[in-house]
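Here is what each chain is made of, one letter per residue.
Protein chains: 2
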Amino acid sequence: MKNKEENKEIVLAKHPQGKPTQENFQLKTIDMPKVKDDEVLLKSLYVSVDPGMRGFMDKGKDDAAGNKFELHQPITSRTVAQVIKSNNPEFPKGTIVHGRLAWQKYMRMSTKNLEKVDPDLAPISTAVSLLGIPGLAAYFGMLNIGNPQNGETVVVSGAAGGVGSIAAQIAKLQGCQVIGIAGSEEKIDYLKNDLGIDIGINYKKTDNMQKAIKDACSDGVDVFFDNVGGDIFDAVFAHANRHSRFVICGQIADYNASNPPQGPRPQHDLIKKSARIEGFVVYDFKAEFDAAKKQLAEWLNSNQLRYKENLIEGFENIPSAFIGLFEGENIGKQMIKVAEPD
Amino acid sequence: MKNKEENKEIVLAKHPQGKPTQENFQLKTIDMPKVKDDEVLLKSLYVSVDPGMRGFMDKGKDDAAGNKFELHQPITSRTVAQVIKSNNPEFPKGTIVHGRLAWQKYMRMSTKNLEKVDPDLAPISTAVSLLGIPGLAAYFGMLNIGNPQNGETVVVSGAAGGVGSIAAQIAKLQGCQVIGIAGSEEKIDYLKNDLGIDIGINYKKTDNMQKAIKDACSDGVDVFFDNVGGDIFDAVFAHANRHSRFVICGQIADYNASNPPQGPRPQHDLIKKSARIEGFVVYDFKAEFDAAKKQLAEWLNSNQLRYKENLIEGFENIPSAFIGLFEGENIGKQMIKVAEPD
Numbered sequence: 001m002k003n004k005e006e007n008k009e010i011v012l013a014k015h016p017q018g019k020p021t022q023e024n025f026q027l028k029t030i031d032m033p034k035v036k037d038d039e040v041l042l043k044s045l046y047v048s049v050d051p052g053m054r055g056f057m058d059k060g061k062d063d064a065a066g067n068k069f070e071l072h073q074p075i076t077s078r079t080v081a082q083v084i085k086s087n088n089p090e091f092p093k094g095t096i097v098h099g100r101l102a103w104q105k106y107m108r109m110s111t112k113n114l115e116k117v118d119p120d121l122a123p124i125s126t127a128v129s130l131l132g133i134p135g136l137a138a139y140f141g142m143l144n145i146g147n148p149q150n151g152e153t154v155v156v157s158g159a160a161g162g163v164g165s166i167a168a169q170i171a172k173l174q175g176c177q178v179i180g181i182a183g184s185e186e187k188i189d190y191l192k193n194d195l196g197i198d199i200g201i202n203y204k205k206t207d208n209m210q211k212a213i214k215d216a217c218s219d220g221v222d223v224f225f226d227n228v229g230g231d232i233f234d235a236v237f238a239h240a241n242r243h244s245r246f247v248i249c250g251q252i253a254d255y256n257a258s259n260p261p262q263g264p265r266p267q268h269d270l271i272k273k274s275a276r277i278e279g280f281v282v283y284d285f286k287a288e289f290d291a292a293k294k295q296l297a298e299w300l301n302s303n304q305l306r307y308k309e310n311l312i313e314g315f316e317n318i319p320s321a322f323i324g325l326f327e328g329e330n331i332g333k334q335m336i337k338v339a340e341p342d
Numbered sequence: 001m002k003n004k005e006e007n008k009e010i011v012l013a014k015h016p017q018g019k020p021t022q023e024n025f026q027l028k029t030i031d032m033p034k035v036k037d038d039e040v041l042l043k044s045l046y047v048s049v050d051p052g053m054r055g056f057m058d059k060g061k062d063d064a065a066g067n068k069f070e071l072h073q074p075i076t077s078r079t080v081a082q083v084i085k086s087n088n089p090e091f092p093k094g095t096i097v098h099g100r101l102a103w104q105k106y107m108r109m110s111t112k113n114l115e116k117v118d119p120d121l122a123p124i125s126t127a128v129s130l131l132g133i134p135g136l137a138a139y140f141g142m143l144n145i146g147n148p149q150n151g152e153t154v155v156v157s158g159a160a161g162g163v164g165s166i167a168a169q170i171a172k173l174q175g176c177q178v179i180g181i182a183g184s185e186e187k188i189d190y191l192k193n194d195l196g197i198d199i200g201i202n203y204k205k206t207d208n209m210q211k212a213i214k215d216a217c218s219d220g221v222d223v224f225f226d227n228v229g230g231d232i233f234d235a236v237f238a239h240a241n242r243h244s245r246f247v248i249c250g251q252i253a254d255y256n257a258s259n260p261p262q263g264p265r266p267q268h269d270l271i272k273k274s275a276r277i278e279g280f281v282v283y284d285f286k287a288e289f290d291a292a293k294k295q296l297a298e299w300l301n302s303n304q305l306r307y308k309e310n311l312i313e314g315f316e317n318i319p320s321a322f323i324g325l326f327e328g329e330n331i332g333k334q335m336i337k338v339a340e341p342d
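Taken in order, these protein sequences are the chains called A and B.
Sequential numbering from 1 applies to the first sequence in our numbering.
Sequential numbering from 1 applies to the second sequence in our numbering.
Please note that a few of the clues may not be correct.
Since the list gives no way to pick out one identical chain from another, each pair is judged satisfied if it fits inside one copy or across any two copies.
Below 25 Å or equal to it, Euclidean Cα-Cα: the simulated DMTMM-like pairs (lysine to aspartate or glutamate) are [stated by the list, open to error]:
no. : residue 1 : residue 2
1   : LYS273    : GLU186
2   : LYS214    : GLU278
3   : LYS211    : GLU115
4   : LYS273    : ASP290
5   : LYS337    : ASP120
6   : LYS308    : ASP290
7   : LYS337    : GLU316
8   : LYS116    : ASP215
9   : LYS59     : ASP38
10  : LYS112    : GLU9
11  : LYS273    : GLU70
Derived by calculation from the structure, the hints in this document are not laboratory data.
Model, not experiment: these values are computed from the prediction.
Turn these sequences into a full structure, and let the hints guide you.
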C-alpha cells in the first residue's frame, strides 16, 4: 500500500533575487525510498517555514553551519514526522520525531539527527513551533538577552508572528508593559484580545512610527525584541531608555535586500544611553533547551500562554506558505500540515 | 600677593559648527574671587580636555546631566587644583583636589563637588587622567563590557590616546593578542615599543582597513574597544567572531557631524555572530571607582602599565589643546599644566 503511494519533493529551482517567488521552487515526483540497515522511513506530518530560511537560498559559498540550500536539491526545514517503517529498534514504527528534514513526503533517514517528540507534553506540531526553534528563540531572546524586569516597558515587532507572539507573552508574564507592532487590524485585535498585550501598533496604518512609539511608551523603551529591523528598529531605538536592551532576533525587512542596507549609526546613542544591541541564535542556549521546553509547555497547558499555528494543508503548498511570510499576512506560526499521523 | 595676580577665564564665545576652532573660545581677564563662608579658593594646576566635551558645546537644550556649556560662560572640564585659601577646615590650605572645574586660573568654590586627591597613590595629575575618567573608562569598558578572556584577540581604536592606551594595556594584562589602531608612525612605535602592543595599524597609511584587520587578526576579533567609530568600526566589525563584544567608548569620527551619520546596519551580522554592540558611560560603575583606581595605581607603580600625558603648558593654550584632539595628533592623555602646586 505505502509503496504504491506517490512520493514528492520540492527542490530549489533558482536562487531568489529579492523576495522569493513560485519560480524559485519545483515540485517533483520521486521514487519511494528503500530503507537501509539502522534507518527509518519517515512520513512528513507538519512542516515549519521561517523567514530566516531566505538567507540560505542565496548563491554563494556555504556558511559554517552547512545551512545553504543547493540548486536542484530539496529544501530542508524543521518538520515533525512519523516513523512508518523501522530498521532501528530505538525508533519503532509509530514514533513521532522532529528534525531538519527535506521537503519530501516520504524519506529514509539515519536516526542520528532525529529527536523524539513526547506527545504527552503538548500537541505534536508544537515540536517545531512553540517547543521548537520559534518558541525557544522567543524564550531565550526575551529572558536571557532582553532580561525584562517587572514594570519595564517591552516592545516586540512582528508581534503576531510565531516568535513575536511568544516573546510578547513571556514579557507579560514578567510583569512588563508590552507593546506589540504588527501589520494588520486583525493582528492587533489578536494581540490585544487573545494574547492580552497592552498596546498594539499597526505600522501599516501609522504615518509616524516614532510618534506612535512615543505615545505608546510614555516611560520610554527598556527592551525591544526585534523580528523586523529597518525603520521600525530606528523608531523604537529613538526612545531607548538608559540601560535598554535591543534584542535582534530576526530582520525580515532585510532578508531580501541584495546589498547590506544602510541606516543611522546607533553608536552615539548607545553611549548616551549605556544601551546594548545584541544578536543571538537559539543554539547558543542548547544546554538549556529541555528546561525551556518544559516551562513553555507548562505555560501553554495552564493557559498562561496562548499559541496559534497558521496551518496550511497540503505538501504542494509549502512554497506558497513560505512566500507568504514576506507578505506579512500570517498570524501565528506558519506551518504546513502534510499528513495525519497513523 | 595672590590678590595682585591676574585672574583669567575662557568662555564659550560661539557654538562650534563641525570641528571647533579658536573663534569658539574667548580668553577674558576677570577679578580674583573673594572666598565666602565654607568655601575654598582654588588654583588650577592640571586641566584635562576630552573629545566628548565637543557634544556639550552644541546649541540646544541641556541634557539630563546638565552638561551643556552656555554661551559666554566659562567652559568646565576635569581639573586638578590646589586649595590656596580655605574657609572650610575639612579642606585646609594646600589640599589637592579634583572636580569638574571652570576654565579659570583661580576660582572660589563650595567643596560639595570636590574630591580630595591622594598624592601618595600616584602623581597628582593622574587624578584626571589615569585615575580619572579616561582611565576608569578604559578599565570598566574593557573589563566589564568587553570582558576579554586569555588568548582572545582584542582591537582598540584610538589606541595611542588617553583612554585607548590604557584599554589596550589592560587587554594585554588579561593575556590577549592586542591590535592597536592609530594615526601616525610615531604612535604605532609608541604602541609597540613602549606599551608592548602586539600589532599596530596606522589607518592613515592603510588603503584597505578591512584587509589590514584581517591580516592582523588571523583568528578574527573577539573584543573591539572603539574610540573612533565610522569606517574603522565597519572594518573591524567585518571580522567579528561568534560571541564578540563591540564596546562603544567614544565616537570621535562623529562628534563633529551635524546630522546622524549613516552606515551599514549591523543587525544581520549581530544575529549571525551572536554578537553585541554596547555603549556605556563611566558613571554606570561609580560604586566600583575606588577599587578600580587602586588597581590602576598598582599596575602603574609596578610598571605593568605605562601612562603618557601629553602636557601643554599655559592656561591660554587650553583651547588649542582641545582643538588639537580633533586633529588626531596627541599621543597619550591631553592635559594642560596651568601651574605648579605650592
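Taking the hints in turn, this is what the structure says about them:
When the C-alpha separation of LYS273 and GLU186 is checked against a cutoff of 25 Å, the pair qualifies neither within a copy, at 35 Å, nor between copies, at 35 Å. In the homo-oligomer, the alpha carbons of LYS214 and GLU278 lie at most 25 Å apart both inside one protomer (23 Å) and across protomers (23 Å), since each shortest distance falls under that limit. For the homomeric pair LYS211 and GLU115, neither the shortest alpha-carbon distance inside one copy (46 Å) nor that between copies (43 Å) is at most 25 Å. For a Cα distance limit of 25 Å, the shortest separation of LYS273 from ASP290 across copies, 24 Å, qualifies, whereas the shortest one inside one copy, 35 Å, does not.
For the identical chains of this complex, LYS337 and ASP120 are intra-copy neighbours only, at 20 Å inside a copy versus 76 Å across copies, given an alpha-carbon limit of 25 Å. For the identical chains of this complex, LYS308 and ASP290 are intra-copy neighbours only, at 22 Å inside a copy versus 53 Å across copies, given an alpha-carbon limit of 25 Å. In this assembly of identical chains, LYS337 and GLU316 lie within 25 Å of each other by CA distance solely inside one copy; the values are 10 Å within and 78 Å between copies. Proximity of LYS116 and ASP215 under a CA criterion of 25 Å is satisfied in neither setting, with 47 Å inside one chain copy and 46 Å between copies.
For the identical chains of this complex, LYS59 and ASP38 are neighbours neither inside a copy (35 Å) nor across copies (74 Å), given an alpha-carbon limit of 25 Å. In this assembly of identical chains, LYS112 and GLU9 lie within 25 Å of each other by CA distance solely inside one copy; the values are 22 Å within and 77 Å between copies. For a Cα distance limit of 25 Å, the shortest separation of LYS273 from GLU70 across copies, 23 Å, qualifies, whereas the shortest one inside one copy, 44 Å, does not.
Violated hints, in rising order: 1, 3, 8, 9; the structure is consistent with all others.
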